[in-house]
Amino acid sequence: MSSNPLPANSSRLGGCTLTGAISVTSHVRDTVTVVHGPKGCSHHNVSLLHASWLEDDRAVLPELLSSGLSEKDVIFGGEEALRRTIGVAATKEGVRAVLVLSTCVVGSIGDDVTSVCSEEYGVPVVPISSAGFLGGTFQDGMNNALVALAGTASPCDTNRSVNIIGEMNLEYEVEENYREVERLLALLNLPVNIRFVHNTGWEELSRLGAAELNILRGPALVPVGEYLKERFDTPFIASFPQGLSGTLSFVREVAAFFGIDGQAALREECRRQEEMLDQFSDLRRVPVSLERVHSGEDELLAAEELAAALDLVMGTPGTCAKLPVNAAVGTSGTKRMLHRWRRAVHA
Amino acid sequence: MKQIALYGKGGIGKSTTSANLSSALSHRDLSVLQIGCDPKRDSTRMLMQGRFIPTVMDLVRTRGEAGVSLSDVVFTGYNGIRCVEAGGPEPGVGCAGRGIIATFQLLEKFGALEGDVIVYDVLGDVVCGGFAMPMREGYAQEIYLVTSGELMSLYAANNICKAVQRLASRVKSKCRLGGVICNAKGQPREEDLVTEFARRVNSTMIQYIPRDHIVQQAEVNQKTVIEFAPDSAQAGHYRSLAGRIMDNSSLTIPSPLEIDELESLAREFI
Chain A
19 MSSNPLPANS SRLGGCTLTG AISVTSHVRD TVTVVHGPKG CSHHNVSLLH
69 ASWLEDDRAV LPELLSSGLS EKDVIFGGEE ALRRTIGVAA TKEGVRAVLV
119 LSTCVVGSIG DDVTSVCSEE YGVPVVPISS AGFLGGTFQD GMNNALVALA
169 GTASPCDTNR SVNIIGEMNL EYEVEENYRE VERLLALLNL PVNIRFVHNT
219 GWEELSRLGA AELNILRGPA LVPVGEYLKE RFDTPFIASF PQGLSGTLSF
269 VREVAAFFGI DGQAALREEC RRQEEMLDQF SDLRRVPVSL ERVHSGEDEL
319 LAAEELAAAL DLVMGTPGTC AKLPVNAAVG TSGTKRMLHR WRRAVHA
Chain B
41 MKQIALYGKG GIGKSTTSAN LSSALSHRDL SVLQIGCDPK RDSTRMLMQG
91 RFIPTVMDLV RTRGEAGVSL SDVVFTGYNG IRCVEAGGPE PGVGCAGRGI
141 IATFQLLEKF GALEGDVIVY DVLGDVVCGG FAMPMREGYA QEIYLVTSGE
191 LMSLYAANNI CKAVQRLASR VKSKCRLGGV ICNAKGQPRE EDLVTEFARR
241 VNSTMIQYIP RDHIVQQAEV NQKTVIEFAP DSAQAGHYRS LAGRIMDNSS
291 LTIPSPLEID ELESLAREFI
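In order, the protein sequence lines correspond to chains A and B. Going by the numbering used here, the first residue of the first sequence is number 19, and it counts up by one from there. Going by the numbering used here, the first residue of the second sequence is number 41, and it counts up by one from there.
There's no promise every hint is true.
With a straight-line cut-off of 20 Å between C-alpha atoms, the simulated DMTMM-like cross-links for lysine to aspartate or glutamate are [said to hold, decoys possible]:
1) A:90 with B:112
2) A:90 with B:105
3) A:90 with A:48
4) A:353 with A:300
5) A:110 with A:221
6) A:90 with B:98
7) B:225 with B:236
8) A:353 with A:194
9) B:202 with B:190
10) A:90 with B:130
11) A:57 with A:89
12) B:214 with B:148
13) B:149 with A:89
14) A:340 with A:322
15) A:353 with A:189
16) B:80 with B:112
17) A:353 with A:322
18) A:90 with B:148
Some chain A residues flagged as far from chain B (calculated, every beta-carbon gap over 10 Å) [as the list claims (entries may be wrong)]:
19) 143
20) 152
21) 206
22) 237
Hints are computed from structural coordinates only; laboratory data are not their basis. From the three backbone atoms N, C-alpha and C, an ideal C-beta is built for every residue, glycine too.
Next comes chain B alone, as it looks inside the complex (with noise of 0.2 Å):
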């Protein structure tokens, strides 16, 4: 079983990226589980015809944990694809971090956590242990950075490699830095800086998504872009995705850069 996560920052597209990969994963006859780690649980709503599922978090607070069971977790989406929202407090209260680490331990009671990939969609930040939960022992090996050229989406990729450098410290942890997965914002060079970027934190580009209009397109129809436009352009680019991922060998430490290095690198391709 190969099991991934997707980082970076809020607003990148890690959960439309995240959607069409188990898509074009689904399609090479995979088995796949796609699991939202964001309260605002909207991962896998493109893989559910627009419909917000509901969240485990959601599930445990009205029922309680006894009362939960695990076909009330998972919804089956697109082509098969078992779909799972973690969800969380309301915004401004508790602990969402724990809510996290709460829903891993409720699907690995339950089982659920099977099949031939998991695709671990995570918050922008990893802002406390909770949110590195998919990256600990027993989960996601491999970790990909979803960014854009812009800064301050290299500088929160720049972050997450601390924590994998951090979390692959540890003994016994496998979590490794599978690659840099460029969502262009459409900036000239762009590709080359984030190619670049990999290069400097010891890793590889090893997609790059153009911008496109269709991903839009896509969403208002409550799809993602592998189901509403199969031939398009941009649905061989998530394929492509998906092929390199299932195909990588080349996990590593991330060395992450220091924050001048990072702008001077920045600087190099304006």
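This is chain A alone, in the form it adopts within the complex (with noise of 0.2 Å):
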């Protein structure tokens, strides 16, 4: 993920605050999310959301409701119509706790969100910042989103086990990437103790700082892993692994940190790796170039590694097969990059 804040490097820097908080508190199962706003500011993520969970075969409505916000309740306050939207969630059967999200109208007319989520409604209400015009982007609507989750669990006793934080769920294969760091992390058998938060019930968050180690998805959420590290001191590693060396460096590093013998695991990790570029044999020595469409740096390296491994000839672009450079999360995400070279070589 680029902290490069140009546009062409930086989709997820240039969305809406709301959106990236939506794309969290939605995965926290027995809550509704309250979006305290206009409706159209909650119908547009409905549809995102649905869209995207019938790609994961989650044929379900998310838990989303709106205060309905009128000009009317612009010009006198729009708190009273909040502590409706919110008693009529908290009351919904089998309501955990609600998840209160601002918009940029109740940013902008100064609502004392904080203060109404405070009154009682008989489960917890957690209020989020996220009005996007006061300058943020959809990856700080995450990291509020996340931050105040985390604010809801205490510290507790540890066991041996590691949380996977901030997972990109709109991202297309958020499930096959946590696969694949979940199977690197059974080479060394450790279990995974909550996906903070993935289809996550609310219970579960408070077992957040159960875990000695937490993994990011990607550097963008340092904030939100420097949070975790003070308030339940658990330490971070800042990405989810990228490509052939950096999935083998990963492993490594987690293996260190619980002082694990993790030799193993890396053998048997080199030999799948070596055994899946013997699969794609067919590409060795091809003129290509790659295409880089908002893909980081760290991406870019990774797929320049690859493309040594098999030795790709770089050619001139427009004369040669053009390679997109996606995220390659493992070896397994390294394995469908590969795919999709092998499409774009024989198209």
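Take the two lone chains and join them into the complex the hints point to.
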């Protein structure tokens, strides 16, 4: 994930803060997300989540409720509408908590969302700042939501396990990427404590402090990692592994952290990577160019390393196959990228 | 139809001046509409025998926009003057500026903005786009600044000049500064100071209104000076203001002063 704010490199740095926050809160089961703003702010996001969840074979609608602000609420203040909506959300069957997101409009008129949330509703109500006009991005919305949710958990006894922090829930390969990290951890006999958050139950969040290590989805989540470190004393690794050597060094780093002998795991993973490269030997010495679309430095480096491992020849763009560069999480993610490359070469 | 707006520092006497001006205009056989554009809603009280009339925003809040009609928001007060109060949210919540915009849209829809003269009496400072609404295209084309010779009051007046200047620069904008009304506090050389201030911002002092206890006397009797003491000298000043405004053809784009210019001007007249 790039920290370069140029639009060409940084789609996640341009999006709506509210959508970033919703991508997190909608993945906490047994909760309702209240979007305090005009109804359009929710509608647009429900459509987006519904479509992306269908890709993931989840045929349910996200639990989103809008306070449905009108011009009248803007003039006289929207706090009453918020109070009413939280009340409705809190009494829905099976709801353990209400997560409240703010929008541009309520940020502009200065509704005191935090104080309305601190009233008594029978279940915990968590305010999350997500008014986009303040200059925040999709990523800030995600981070704010994760930090607010982390604030509901208390430090607890730890066990030898790992948390997965800040999965990109709208990413097409979110599940595959998680499975790959889980597989790599299993090579070291390390279980996942909780996914913070991806289809995670409200009660599970209380176990957030039980892991001994946090693995962030990407470096843009470092502020969240720092917060968790301060609150639970849990150190973090800043990114999912990228590419061939990135995957090996990830295994090495995690093994060293837990004081495990990782040699067997590393040998196993090396063998897997060699086998994979053999399967793609038809690509050897083909002239290609790498096409970078919304990919960060790490992803480019991983792609260049992979191209070198296959002896690909860098040709003049326009005269040879254009290979897409995308996030290649672990060995499996690298393999999926190789399949795309093969399609590009044989197209 | 003549549409004018009075702006100036809070507490400087805009509402008193507006109500007396409307009264004086009504005696020239003109059909007058006064619109209070301040959530405090006390602009038209002296025209309504001390009554706080329901505001447009109160009615919208309790009945919804569909339940409000023209006759609910316009009240006839002293000498046939039609009175409207925009109103707004409770202090500290919501957005009063948006309330002003909504009020204007509703009055427009009702066709309420008619007559010979409309007097807009606006909140102390142009704090946001909503309170510049009366200056926008289609509404007041003449802005009058109400100020005393006190520095804080001149400072506010100068700030409003900035708003008028900005709005005047817009395409098709007809918003202009009509003049400066000196509502005196009774400090020495006050008239000279305000006259000079008006000249420096590219305008004129259109009327000097001296400080007079009769204003307070009229107010405790819940009347304008025009109604309470029509033969007083003070009533004469308000009638003079009404006449000058009706005859005024000197509308300008103001040139606001820098803050040190303003302060050195005030020092010259100490």
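Hint check results:
A hinted pair counts as satisfied when its Cα atoms are at most 20 Å apart, and residue 90 (chain A) with residue 112 (chain B) qualifies at roughly 18 Å. A C-alpha spacing of about 9 Å is found between residue 90 (chain A) and residue 105 (chain B), which places the hinted pair at or below 20 Å, so the restraint holds. A threshold of 20 Å between alpha carbons decides the hint, and for residue 90 (chain A) with residue 48 (chain A) the separation of about 32 Å lies outside it, so the pair is violated. Taking the CA atoms of residue 353 (chain A) and residue 300 (chain A), the gap is about 14 Å. The hint holds against a cut of 20 Å.
At roughly 17 Å between alpha-carbon atoms, residue 110 (chain A) and residue 221 (chain A) fall within 20 Å of each other, so this suggested pair holds. For the given pair, residue 90 (chain A) sits about 11 Å from residue 98 (chain B) by alpha-carbon distance, which is consistent with the 20 Å threshold. Simply put, residue 225 (chain B) and residue 236 (chain B) have alpha-carbon atoms about 17 Å apart, close enough for the 20 Å limit, and the pair holds. Only pairs whose Cα atoms come within 20 Å are accepted, and residue 353 (chain A) paired with residue 194 (chain A) is accepted, the gap being roughly 12 Å.
A C-alpha spacing of about 19 Å is found between residue 202 (chain B) and residue 190 (chain B), which places the hinted pair at or below 20 Å, so the restraint holds. Taken as a hint, the residue 90 (chain A) and residue 130 (chain B) pair is honoured in the structure, with Cα atoms around 13 Å apart against an allowance of 20 Å. Taken as a hint, the residue 57 (chain A) and residue 89 (chain A) pair is honoured in the structure, with Cα atoms around 12 Å apart against an allowance of 20 Å. For the hint pairing residue 214 (chain B) with residue 148 (chain B), the CA-to-CA distance comes to about 18 Å; that is within 20 Å, so the pair holds.
A distance of roughly 16 Å separates the Cα atoms of residue 149 (chain B) and residue 89 (chain A); the hinted pair therefore holds under the 20 Å criterion. Our distance criterion of 20 Å between C-alpha atoms is met by residue 340 (chain A) and residue 322 (chain A), whose separation comes to about 13 Å. Annotation: proposed proximity of residue 353 (chain A) to residue 189 (chain A) holds, straight-line Cα distance about 18 Å (limit 20 Å). Under the criterion of a C-alpha separation no larger than 20 Å, the hint pairing residue 80 (chain B) with residue 112 (chain B) is consistent with the structure, at around 19 Å.
Under the criterion of a C-alpha separation no larger than 20 Å, the hint pairing residue 353 (chain A) with residue 322 (chain A) is consistent with the structure, at around 14 Å. Under the criterion of a C-alpha separation no larger than 20 Å, the hint pairing residue 90 (chain A) with residue 148 (chain B) is consistent with the structure, at around 18 Å. Every Cβ of chain B is farther than 10 Å from the Cβ of residue 143 (chain A); the closest lies at roughly 20 Å, confirming the non-interface assignment. With a closest Cβ-Cβ approach of about 17 Å to chain B, residue 152 (chain A) is found to remain outside the 10 Å limit, as its non-interface label requires.
Even its closest Cβ contact with chain B, about 56 Å, leaves residue 206 (chain A) beyond 10 Å, as expected for a residue assigned away from the interface. Residue placement check: residue 237 (chain A) keeps its beta carbon more than 10 Å from all beta carbons of chain B (closest about 39 Å).
In summary, the structure is inconsistent with hint 3 from the numbered list given earlier, while agreeing with all the others.
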